[in-house]
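**Student:** Protein chains in written order, with full-length UniProt numbering: chain A, 1 to 247; chain B, 1 to 247.
Read the hints as simulated data drawn from the structure, not as lab findings.
Keep in mind the model is a prediction, meaning the values are calculated, not measured.
Take these hints with a grain of salt, some might be off.
Since copy identity is lost for identical chains, a pair holds within one copy or between any two.
What the hints assert, rightly or not - Restricting the straight-line Cα-Cα distance to at most 30 Å, the calculated cross-link-like pairs of lysine-lysine (DSS-like) are:
hint : residue 1 : residue 2
1    : K57       : K181
2    : K207      : K224
3    : K130      : K32
4    : K155      : K6
5    : K110      : K214
6    : K40       : K155
7    : K82       : K57
8    : K188      : K57
9    : K82       : K181
10   : K82       : K6
11   : K224      : K17
12   : K160      : K214
13   : K40       : K82
2 protein chains.
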Amino acid sequence: MKIFRKLRLHELLYNKKDKRLAAAIKIMVGSKPLNLSLYKLATKHSSAAEEIKHGIKASNERLEFLGDAVLGAVVAEHLFIKFPYRDEGFLTETRSRIVNRESLNQVGQKIGLSNIVESDLSGKGFYSHKSIYGDTLEALVGAVYLDRGYDFCKKFVLTKIIIPHFDIENIISTTTNFKSKIIEWSQKENKEVEFSLKSVTGSQRFKEFTIELKIEQEVYTEGKGPTKKKAEQEAAKNACEKLNLAL
Amino acid sequence: MKIFRKLRLHELLYNKKDKRLAAAIKIMVGSKPLNLSLYKLATKHSSAAEEIKHGIKASNERLEFLGDAVLGAVVAEHLFIKFPYRDEGFLTETRSRIVNRESLNQVGQKIGLSNIVESDLSGKGFYSHKSIYGDTLEALVGAVYLDRGYDFCKKFVLTKIIIPHFDIENIISTTTNFKSKIIEWSQKENKEVEFSLKSVTGSQRFKEFTIELKIEQEVYTEGKGPTKKKAEQEAAKNACEKLNLAL
Chain A
1 MKIFRKLRLH ELLYNKKDKR LAAAIKIMVG SKPLNLSLYK LATKHSSAAE EIKHGIKASN
61 ERLEFLGDAV LGAVVAEHLF IKFPYRDEGF LTETRSRIVN RESLNQVGQK IGLSNIVESD
121 LSGKGFYSHK SIYGDTLEAL VGAVYLDRGY DFCKKFVLTK IIIPHFDIEN IISTTTNFKS
181 KIIEWSQKEN KEVEFSLKSV TGSQRFKEFT IELKIEQEVY TEGKGPTKKK AEQEAAKNAC
241 EKLNLAL
Chain B
1 MKIFRKLRLH ELLYNKKDKR LAAAIKIMVG SKPLNLSLYK LATKHSSAAE EIKHGIKASN
61 ERLEFLGDAV LGAVVAEHLF IKFPYRDEGF LTETRSRIVN RESLNQVGQK IGLSNIVESD
121 LSGKGFYSHK SIYGDTLEAL VGAVYLDRGY DFCKKFVLTK IIIPHFDIEN IISTTTNFKS
181 KIIEWSQKEN KEVEFSLKSV TGSQRFKEFT IELKIEQEVY TEGKGPTKKK AEQEAAKNAC
241 EKLNLAL
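Please model the complete structure; the sequences and the hints are all you need to start from.
**Tutor:** Okay, structure coming up:
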């Protein structure tokens with residue numbers, strides 16, 4: 001079987017659809033599949049899965065479970081090495097900002113999973129399946145892991161998912177609680193700091209809040225955002241920068 | 001450095017304490033450490049850690065974060081392969097019953113981590129550190145991963161932690177919700193089923209509840225446990241067996 005795979009003889013058995021999937025996987029993963037059936041399963045959403053035994057569907061959900069775990073381990077090591085002086089609370093928080101439904105879904109769409117996912121969402125609201133590409137991305141990680149082993153999969157996750165699609169520095173800067181940094185500073189320096197709402201603009205659905213940060217009753221910085229909290233963070237971040245506070 | 005390690009020249013630099021730790025790790029992990037400093041860090045509880053920079057302590061908490069992730073991936077794959085026909089809900093639930101503070105803490109104690117953990121719990125209640133061995137076990141997994149790579153670490157986790165210390169069949173049987181099985185059966189068969197508390201014995205801290213399961217007002221089975229819920233499960237499990245209900 002191994003020599004069969006090595007000589008790529010299995011590719012002779014591919015039908016047209018298989019060839020298309022194998023080509024897409026090659027682009028996404030960086031290497032041709034050894035065991036294509038894993039990738040077929042990874043791209044099969046439960047809505048398109050047939051029952052193989054009473055009550056058991058061959059969908060990508062089991063691979064998603066596996067891929068989620070492998071992705072978690074790869075990202076954990078990446079952050080562990082990248083931030084040797086940050087504590088486990090920071091590492092946990094930063095990882096959860098990378099590995100979450102929303103961001104994985106976006107990456108899944110960006111790398112083109114919508115072209116290869118098999119699903120049958122007819123009659124179902126889009127929103128009941130809005131994480132379909134994120135789920136499929138996790139399943140793909142599970143398939144790559146089983147197909148090529150941990151080290152290959154780690155390289156795939158880092159070079160094709162994490163590094164090109166996540167700006168970790170930016171993620172961190174939004175993780176840092178700037179507001180509490182500023183309050184800490186004000187207490188140490190014995191200064192009066194105040195956050196006040198300057199304006200709310202935009203429509204009912206897309207509001208923009210503007211917050212002024214005052215130090216000793218004088219406007220020092222301003223911040224804008226879709227929520228009051230985010231605008232406060234932004235104002236506080238600007239103040240931290242202006243005050244040269246280490247982050 | 002590699003050849004230095006290969007010839008085990010680094011062991012010449014071990015002091016007495018290092019030698020003792022290396023010997024303990026060899027027994028636990030199945031192989032001598034290559035980079036002992038990883039294991040020194042893994043066995044350093046935060047209560048015994050010195051500050052290396054302002055606010056930064058060199059304790060095992062970062063390795064615990066990494067080890068938790070690697071352990072999660074290894075157990076995920078193990079269950080994925082062991083149960084090819086079970087869905088991801090079952091896999092997730094079963095994994096969380098294996099990888100949890102309580103069970104890891106017990107295993108940590110069993111493999112002898114209490115002999116090598118460095119901690120300073122003086123003046124602190126035992127209960128504030130009751131997961132110390134489970135946390136250290138996770139940190140040890142993180143250290144083995146960094147020291148020897150994923151495949152070695154996976155073998156370590158499976159052969160030294162999971163297979164000898166977890167009875168997965170038993171874990172699954174307690175995962176099954178026997179009470180709902182019985183209630184389902186009673187509705188189908190149109191029988192009256194009742195759970196009633198027969199007695200509570202034991203001290204304030206260690207109670208034992210006894211629950212009777214009655215079918216058509218007659219005692220059919222009994223169950224005991226440290227909580228009412230567990231005693232009910234036990235009584236229901238016994239009834240499922242007596243009724244030959246498929247689980």
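**Student:** Please flag the earlier hints that this structure goes against, numbers listed from lowest up.
**Tutor:** Result: hints 5, 11, 12 break, sorted rising.
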